[in-house]
Amino acid sequence: MSTTKHPSVLAQTVSTPVILIGGLALIAVLTWAFGSNIFGRTVTEMFIRVALVVGMFTFIGNSGVISFGHAGFMCIGAYGSAWLTIPPMMKKVLLPGLSPMLANAELTFFLSLIIASLFAGVIAFAVGLILMRLSGIASSIATFAMLAVINTIYSNWGPVTGGTSSVVGIPITTGVWISFGGAAAAVVIAYLYGISRSGLALRAGRDEAVAAAASGVDIYRERLIAFTISGALCGMAGVLYAHFLGVVNPDAFYLGVTFISLSMLVVGGMSSLSGAVIGVVLISAIIELLRKMEKGITVGEGTLSLPNGIQEIAIGVVMIVILMFRPGGLTGGAELSLTRTSANDGYSKKDQGSGNHPDNKPRR
Amino acid sequence: MTAVLQILFDALSVGSIYALGALGIALIFGVMRLVNFAHGDYIAFCVFAMLWPSLDVVAIVFIGNLPWFLLIPVILGIGAGLSIISEILVFRRLRDANPATMMITSFALGFVIHNVLLMFYSSRPKAINLWSNLSLPVEIMGARIPLLQVITIVMTIVILLALVTFLRRTQFGVEMRAAAEDFTMARMLGVKANRVIMAAFGVSGALASCIALILATQTGVADINMGLPVMLVAFVATVIGGLGSLHGAVIAGFLIGGVSVLLQVFLPLEARPFRDAFVYSAVIASLLWRPQGLFAPKSSKERV
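Residue numbers (my numbering), protein chains in the order written: chain X, 6 to 369; chain Y, 26 to 329.
Hints listed in this document are in silico derivations from the structure and should not be mistaken for laboratory results.
Accuracy of the hints is not assured; some may be wrong.
Chain Y regions said to be covered by chain X (calculated; three or more residues, Cβ under 8 Å) [as the list claims (entries may be wrong)]:
1. 113-119
2. 124-132
3. 140-146
4. 260-267
5. 289-302
6. 307-315
Just so you know, these numbers come straight off a predicted model, no measurement behind them.
Just so it is clear, CB atoms sit at the ideal spot from N, CA and C, and this is done for glycine as well.
Working from the sequences, and respecting the hints, build out all of it.
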């Protein structure tokens with residue numbers, strides 16, 4: 006990548022994923038050492054969210070295009086793994102419409118994880134071929150339309166997906182460590198993509214579309230690559246989720262999850278990998294804390310508890326307040342890093358409009 | 026003939042609701058590039074406002090029992106008020122933020138409103154008996170059409186005409202249209218930003234309450250989630266119509282209503298559950314054909 010005197014991109018930035026994974030590992034170790042069973046489940050769910058939001062970041066953060074569709078890839082991954090791992094006996098009853106090859110398959114979790122994630126990636130590639138031609142708000146709406154299409158299909162294609170009823174019998178394998186592994190893998194892949202030629206070119210296109218195109222960046226192609234990778238990562242998150250709950254249902258992968266994960270991304274700071282991870286960890290922590298307070302905490306002699314329903318209201322208010330005071334998200338687009346030059350590839354603090362930053366041009 | 030008429034009325038009445046919703050979203054988008062995801066919750070809030078001040082499980086309609094000439098202005102006022110308050114408290118501070126931040130903030134605001142309603146009224150839908158005699162059918166050229174459908178369509182046309190007059194003939198309206206076209210330029214020419222943005226929020230909120238009145242009469246229930254589907258379609262319609270174009274939003278709203286009614290009628294039976302998949306595929310196709318929207322204003326062209 007670098008033929009100049011500068012240290013390589015890898016050397017400049019590698020501390021970011023190391024710090025992030027280290028932080029997540031610390032949470033995992035603490036949970037393993039001290040946490041209760043229930044707390045373990047909360048942490049597992051958080052790790053799955055990290056994988057999902059980092060997957061979304063791979064596309065949204067690098068391209069600057071908000072996508073409402075990534076929950077769809079999560080859905081595809083989750084159902085893909087359900088098709089591959091539910092025992093054939095159960096599938097005959099639950100999903101009679103499956104093709105014989107799928108109906109007789111009973112793969113191990115890891116094999117299924119890889120295949121189902123790749124499947125989500127392939128679908129993302131196919132959809133991306135069409136959708137990546139669009140940009141800006143038209144692109145966002147098109148991804149939302151895609152999500153609606155996926156949801157309609159999975160909710161109504163009864164013999165293959167079980168319709169709106171839940172598909173049960175998925176082996177439960179996702180625990181704290183496996184979900185941590187998934188989150189860490191997502192961070193590594195997102196990081197490697199971010200410093201790759203394609204990732205840098207895409208970010209150049211995000212900050213200065215015309216200048217980047219004039220310098221030979223094919224924005225359509227780079228977006229398609231990012232969309233495919235992020236689709237596969239979200240698919241992986243879906244697989245982890247399916248094997249965490251043991252049950253899948255199309256509505257689990259619709260608007261609710263779309264909005265909460267987008268919120269986490271934007272609150273963290275949508276143009277940095279650190280922002281994606283921090284957003285998830287922080288909001289999950291606040292939600293958990295409020296949940297605890299709703300149940301009641303002992304203060305001195307009495308218990309203090311919030312009335313039911315306050316938790317959701319409070320989380321909304323917290324998000325609004327954070328965004329009011331830090332419109333660029335908590336990290337403002339900067340990465341956690343050991344070196345001083347944290348905004349090494351031109352992540353702009355202002356998020357928008359400051360396209361004249363000298364570092365924004367793709368380096369060749 | 027009667028069947029055609031029936032379909033036409035269905036399409037128009039479904040389209041009216043989408044058109045009103047799209048207009049509400051387009052007005053705000055025009056002046057401050059905000060896609061207001063809280064719009065659906067404004068609708069739900071207005072529906073539940075008819076139950077005030079009772080919080081009982083069995084709905085005791087209080088405001089809803091007012092005679093119509095009082096009820097309509099009260100509900101419109103509540104919608105406009107809620108919308109304006111949210112502008113003052115929340116969105117005013119975010120005017121310079123990027124669109125993603127505003128979008129997520131509006132979503133968070135909607136989430137708060139939703140959960141406030143949930144806390145007071147629980148998630149179980151409640152029966153509202155609002156103007157139930159309106160669902161009696163009337164006969165128009167041989168087709169039996171619920172009176173409400175006719176009223177919905179007529180009301181929508183009246184609202185649209187009133188709005189057109191407002192936008193064309195009044196100072197406010199002209200300012201608002203100028204702002205929607207090119208906000209920076211409008212400000213330079215003396216349009217006051219605060220005033221015009223507040224007016225846009227007010228009108229948008231009032232439109233949300235119109236939808237609330239229609240939906241409550243049509244379905245006879247108050248459900249916390251009732252605004253969401255309308256808001257989503259309206260949002261899509263706004264983009265298809267061309268963001269910033271008010272008449273584009275209205276036409277696209279009617280278009281989506283029409284397409285979904287037609288598909289419902291003409292799709293083969295086994296494909297009918299997948300209707301929404303077809304509708305949204307059409308949306309994607311329309312965006313690919315005209316990424317700037319069907320009726321994009323000139324100002325929406327990107328400049329280098």
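To see whether the hints hold, each was checked on the structure:
no. : hint    : result
1   : 113-119 : holds (count 3)
2   : 124-132 : holds (count 7)
3   : 140-146 : holds (count 4)
4   : 260-267 : holds (count 4)
5   : 289-302 : holds (count 5)
6   : 307-315 : holds (count 4)
In the structure shown, no violation is registered for any of the earlier numbered hints.
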